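With the hints as your guide, set chain U onto chain P.
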Amino acid sequence: MELEALQTALPEIQRLGANLIAIAPELEKYGRAIHRRLNLGFDILTDRGLQVAEQFRLVYVLPDYLKTLYSQFGSKLDEFNGEDAYRLPMPARYIVDQQNVIRSANVNPDYTIRPEPSETVSTLEKLTKTPG
Amino acid sequence: MTLQQKLDDFKAKFESGGPPYNAPKSTIETMHRATEELRRSGLAEHALKTGDRAPAFTLNSQDGNPISSAGLLAKGPLVITFFRGHW
Chain P
322 MELEALQTAL
332 PEIQRLGANL
342 IAIAPELEKY
352 GRAIHRRLNL
362 GFDILTDRGL
372 QVAEQFRLVY
382 VLPDYLKTLY
392 SQFGSKLDEF
402 NGEDAYRLPM
412 PARYIVDQQN
422 VIRSANVNPD
432 YTIRPEPSET
442 VSTLEKLTKT
452 PG
Chain U
14 MTLQQKLDDF
24 KAKFESGGPP
34 YNAPKSTIET
44 MHRATEELRR
54 SGLAEHALKT
64 GDRAPAFTLN
74 SQDGNPISSA
84 GLLAKGPLVI
94 TFFRGHW
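Those protein sequence lines, which keep their order, are chains P and U. Residue numbers 322 to 453, in my numbering, belong to the letters of the first sequence in order. Residue numbers 14 to 100, in my numbering, belong to the letters of the second sequence in order.
Since the hints were derived computationally from the structure, they do not count as laboratory data. Predicted model only: the values in this text are computed from it and were never measured. The C-beta atom is built at its ideal place from N, Cα and C for all residues, glycine as well. Among the hints, a few may not be true.
Once the Cα atoms are required to be at most 27 Å apart in a straight line, the calculated DSS-like pairs of lysine-lysine come out as [said to hold, decoys possible]:
{"#": "1", "chain 1": "P", "residue 1": "K450", "chain 2": "U", "residue 2": "K88"}
{"#": "2", "chain 1": "U", "residue 1": "K38", "chain 2": "P", "residue 2": "K388"}
{"#": "3", "chain 1": "P", "residue 1": "K397", "chain 2": "U", "residue 2": "K19"}
{"#": "4", "chain 1": "U", "residue 1": "K26", "chain 2": "P", "residue 2": "K388"}
Covered stretches of chain P, going by a simulated chain U footprint (3 or more residues, C-beta under 8 Å) [stated by the list, open to error]:
{"#": "5", "stretch": "336-342"}
{"#": "6", "stretch": "370-384"}
{"#": "7", "stretch": "411-422"}
Anything over 10 Å on all C-beta distances counts as not near chain U; from chain P, calculated [as the list claims (entries may be wrong)]:
{"#": "8", "residue": "P332"}
{"#": "9", "residue": "N360"}
{"#": "10", "residue": "G362"}
{"#": "11", "residue": "D399"}
{"#": "12", "residue": "E404"}
{"#": "13", "residue": "D405"}
{"#": "14", "residue": "P438"}
{"#": "15", "residue": "S443"}
In isolation and in its complexed conformation, chain P is listed as follows (with noise of 0.2 Å):
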């Protein structure tokens, strides 16, 4: 939903001289699956071993009783993401400028909440404003 969301999103954001990419700790085939089922103008970034993920520190380890919840849905999450570990990183979006500085940062641990895409370009008009 978010990202179809973000694909709604995208010409305003490409308006703004801004780029849009989305990461997920899942292997490039299902990021592959998603991409064409959804049309995606933007690319889909496999995090392997949620690298990247780390560094933006948004990894946690599912506890063992979701472990099996998921397994009973059949969200095998050690298959998705090549990985035994069963780690997500918590839903989060972030701007970051040209100086290679965040500048809008939103981080939810609960993620049935994400932030309005219009929201993301309303930041990003207010900071082609006023560069720096």
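Here is chain U on its own, set in the frame of chain P:
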């Protein structure tokens, strides 16, 4: 409809326990427990935040092409969204 409204609608449908998901009450409780524990752990407060320097990275795209943050940032600001996966 906003993204959050769509997410809320889905959540309400799922948590109603009715079709098409027919989620048992125990499942919903387990998911709530996990979210609550993660929230209370305070982990999100330790994530990189506004004002921090963003780590540079190069990762493969869905087509296997290496994409570098530096290459994208040379063109303009970059929006990065971290998500859990297709499931």
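Each hint tested on the structure:
no.	hint	in the structure
1	P:K450 to U:K88	holds, 16 Å
2	U:K38 to P:K388	holds, 17 Å
3	P:K397 to U:K19	holds, 25 Å
4	U:K26 to P:K388	holds, 23 Å
5	336-342	holds (count 6)
6	370-384	holds (count 10)
7	411-422	holds (count 11)
8	P332	holds, 13 Å
9	N360	holds, 12 Å
10	G362	holds, 12 Å
11	D399	holds, 12 Å
12	E404	holds, 13 Å
13	D405	holds, 16 Å
14	P438	violated, 7 Å
15	S443	holds, 12 Å
Hint check: a violation occurs at hint 14 only; the rest are consistent with the structure.
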